[in-house]
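Please work from the sequences and hints to get the whole structure.
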Amino acid sequence: MSLQLKNISLVLDGKQFIAPFSLDIAEGEVLTLMGRSGSGKSSLLSYIAGDLPSPFSGEGDVVLNGKTLNNTPPRNRNIGRLFQDDLLFPHMTVGENLLFSLPRGARVEREAMMQAVLTRAELEGFSDRAPHTLSGGQRSRVSLMRSLLAKPEAMLLDEPFNKLDRDLRSTIRDYTFSHLKTCNVPTLLVTHDISDVPVGGRIFEITKSGEVKHV
Amino acid sequence: MVGVGAIPICLLFAVPLIASLYYALIGAFDSAAWQALFAHPQLWSGLELSIFTGATSAVLALITAIIIVAATYETATWRNLPATMGAMLALPHIALAIGLSLLIMPSGIFARIVANIVGWQTPPNWITTHDPNGLALIAALTIKEAPFLIWIIAGLLNRDDIRQIFNNQRAAATSLGHGGISVWLRLFLPQMMPKLIWPLVIVFIYAATVVDMSLVIGPTQPPTLATVVWADVNSEQVINNARGNVGAIFLSITLALCLGVTYALLKLGAPLFRTFLSSAPSSLSLPNLVGIAKYQMLIWFYLVIVVLLFFISFAQNWSFPNLAPIISVRAWTQIFQNPSALITSVELAISTSLTALVLIILWLEILPEKADRILILLSVALLGLPAILVGLGQYRAFLNFGLTGNMMGLFLAHLMPVTAYMIIVLTSPYRALDQRYSATASSFGKSEIEFLWQIKLPLLKAPIYAALAIGFAVSFSQYIPAQLLAAGRYSTLPIEAVTLTSGTNRPLTAAFALLLLLPPLVAYVISAHFGKSRWSTA
Numbered sequence: 000m001s002l003q004l005k006n007i008s009l010v011l012d013g014k015q016f017i018a019p020f021s022l023d024i025a026e027g028e029v030l031t032l033m034g035r036s037g038s039g040k041s042s043l044l045s046y047i048a049g050d051l052p053s054p055f056s057g058e059g060d061v062v063l064n065g066k067t068l069n070n071t072p073p074r075n076r077n078i079g080r081l082f083q084d085d086l087l088f089p090h091m092t093v094g095e096n097l098l099f100s101l102p103r104g105a106r107v108e109r110e111a112m113m114q115a116v117l118t119r120a121e122l123e124g125f126s127d128r129a130p131h132t133l134s135g136g137q138r139s140r141v142s143l144m145r146s147l148l149a150k151p152e153a154m155l156l157d158e159p160f161n162k163l164d165r166d167l168r169s170t171i172r173d174y175t176f177s178h179l180k181t182c183n184v185p186t187l188l189v190t191h192d193i194s195d196v197p198v199g200g201r202i203f204e205i206t207k208s209g210e211v212k213h214v
Numbered sequence: 000m001v002g003v004g005a006i007p008i009c010l011l012f013a014v015p016l017i018a019s020l021y022y023a024l025i026g027a028f029d030s031a032a033w034q035a036l037f038a039h040p041q042l043w044s045g046l047e048l049s050i051f052t053g054a055t056s057a058v059l060a061l062i063t064a065i066i067i068v069a070a071t072y073e074t075a076t077w078r079n080l081p082a083t084m085g086a087m088l089a090l091p092h093i094a095l096a097i098g099l100s101l102l103i104m105p106s107g108i109f110a111r112i113v114a115n116i117v118g119w120q121t122p123p124n125w126i127t128t129h130d131p132n133g134l135a136l137i138a139a140l141t142i143k144e145a146p147f148l149i150w151i152i153a154g155l156l157n158r159d160d161i162r163q164i165f166n167n168q169r170a171a172a173t174s175l176g177h178g179g180i181s182v183w184l185r186l187f188l189p190q191m192m193p194k195l196i197w198p199l200v201i202v203f204i205y206a207a208t209v210v211d212m213s214l215v216i217g218p219t220q221p222p223t224l225a226t227v228v229w230a231d232v233n234s235e236q237v238i239n240n241a242r243g244n245v246g247a248i249f250l251s252i253t254l255a256l257c258l259g260v261t262y263a264l265l266k267l268g269a270p271l272f273r274t275f276l277s278s279a280p281s282s283l284s285l286p287n288l289v290g291i292a293k294y295q296m297l298i299w300f301y302l303v304i305v306v307l308l309f310f311i312s313f314a315q316n317w318s319f320p321n322l323a324p325i326i327s328v329r330a331w332t333q334i335f336q337n338p339s340a341l342i343t344s345v346e347l348a349i350s351t352s353l354t355a356l357v358l359i360i361l362w363l364e365i366l367p368e369k370a371d372r373i374l375i376l377l378s379v380a381l382l383g384l385p386a387i388l389v390g391l392g393q394y395r396a397f398l399n400f401g402l403t404g405n406m407m408g409l410f411l412a413h414l415m416p417v418t419a420y421m422i423i424v425l426t427s428p429y430r431a432l433d434q435r436y437s438a439t440a441s442s443f444g445k446s447e448i449e450f451l452w453q454i455k456l457p458l459l460k461a462p463i464y465a466a467l468a469i470g471f472a473v474s475f476s477q478y479i480p481a482q483l484l485a486a487g488r489y490s491t492l493p494i495e496a497v498t499l500t501s502g503t504n505r506p507l508t509a510a511f512a513l514l515l516l517l518p519p520l521v522a523y524v525i526s527a528h529f530g531k532s533r534w535s536t537a
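Protein chains in written order, with numbering that gives the first Met the number 0: chain W, 0 to 214; chain C, 0 to 537.
Keep in mind the hints are simulated off the structure, nothing from the lab. Where is the CB? At the ideal position from N, CA and C, for every residue including glycine. Heads up, none of these hints are tricks.
Lysine to aspartate or glutamate pairs mimicking DMTMM-like chemistry, simulated, CA-CA at most 25 Å apart: (1) C/531 <-> C/364; (2) W/162 <-> C/159; (3) W/14 <-> C/73; (4) W/162 <-> C/160; (5) C/194 <-> C/368; (6) W/212 <-> W/60; (7) W/5 <-> W/210; (8) C/266 <-> W/110; (9) C/460 <-> C/371; (10) W/66 <-> W/26; (11) C/266 <-> W/127; (12) W/162 <-> W/50; (13) C/531 <-> C/160; (14) W/180 <-> W/158; (15) W/180 <-> W/26.
The following residues of chain W were derived to be distant from chain C, with all beta-carbon distances above 12 Å: (16) 6; (17) 18; (18) 38; (19) 57; (20) 65; (21) 119; (22) 169; (23) 173; (24) 177; (25) 181; (26) 183; (27) 202; (28) 204; (29) 206; (30) 210; (31) 214.
Put into structure tokens, the structure is as follows:
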């Protein structure tokens, strides 16, 4: 399992803001891409996920487990994403949020899997709670679990720890990485905070001129 | 001091409105009238038709609106969508119904085209207008109400806060494997529903109680209950008037019950809906083509109607299968020899919309925001209640104060709905203006009047012009109060247009329908032009 980015470049209004680069993320690896705000980190993730909005445009191949995804619609790419906000849907309970991403199956089984996931997230008995009654840390955990339940083949993390309190941040970070490790999927993390980088992980940087360089 | 701002709007809007409601409701205490109503042979069939046409058109309008919004959301079309829908909203219902009936009636354009292809010599046996099931009425209502709902939904989705949250939610749902249908039905719509309920209720009540459109294109044997009531109200006999009054009350109560039953059914169905919400990801997506095609059809329909009315207004002695009529300006000459209805309508529309604007700004400037609730409540009550019920009470109340058969009465009667609509359009943008602008201005030594003229009104020009255009269009399309209060001494365009549709002078009918729709459209274009932001950044 791997996520390969081949000769990817991004353009806005005829101006290239990310120069062609290639990267190979192995299974279980968390690769970090750093850059200032406005450097195009989030646009790059959107390009990989397949929903880069116009007027942006991009070129290059996104290859997941040997399959080129360029013509695959975003919903069929099987790439999970975490955003700055937890994006739990406010009109659904915690349990419904999780079921929303659980693949097709018998109702009882899906229900049981959802409950099992809540237990694993140390949120037993939370399934009927409204998302807004949870703490920030609890919501982050549910959001991560919701992504992983969809059985993604790769993960994109868009500064997911950015809005968390300082003391919560490292706990959630460790929690997230340890869960990603058990899933063993290739993960691309973008951030501007060096403390977000997992120990020993490879780091790339988007320079001012838009080049992606190994640090 | 605070009370001063409230006096004008109370005198000209609130008091007449409350008096109208009072007079409408005291008619309920007449047991003979109730007995007469329940003995009316057309009561139950009419009620059935009213509920059927109202509910069906409301549901169809909602479905159409959702499909069009989902297909155009954040595409190139999206930016122009509110403006296009606004223009459609400006067209009076009656004009649209007349245009549709001239298109689909047995000797209408559509039948002529078919006749020329297959060689018919006489009009076909179609029952396309005034059909017993009210299908033509449902079509006309759906086409008229869909733009309203699209306009409301687009307004919600264009709010910066909502748009950002929704786009993020959509990205999250997509990454979990969900397609467009799932995103709209399971995420966007359930979250928007609380804001859509009142517009939907208004659409339903309007559709189930509409009189003018029903007279033009609705079923006749039997007619809808609103039309039955309308005939009673206009009857020469006092007994029938009383029966009409309780009929309007009965219709209102039944519709309220329908809404109550719908609410209960939705509550009962909630667990099913929750199962649907939490079912597995579905990557189904409706091809955008379907929605775009629907959108194009809607636009083309309105364009065709306008062109058709223009064409027919010049067509004299037009024997059946012929597509090309003898061109004549007789209809237009007739109108310009006696333009009193047009003049009265324009006078009323301009005077009421400007008066309403002044009344509302006086209120908003002098009274605290908390007090707005009273005005909004009154407005929603007026718009949510069947027009025939309010119109009837208005007639009774105005009769007591000598306000029938004169311009003052007509003015006050038109001012009521105009003010109600403008309150709803204007209040929230007016109150949302950043308070700090005022503080900044006064720190420069500007007086409150200077601030109002130099800063506040210019900043609010878009909603102010929009409100004026809406007020103009609302006044232009009033049929019930005009017909009742004019007492035969005055005529307005809706009165003329509805009367003409029961005759056979098609060129004149078409010309009146055009006169009905062009001024509101012009008012809309002018307001859109002057309301435009100075900087075209948005």
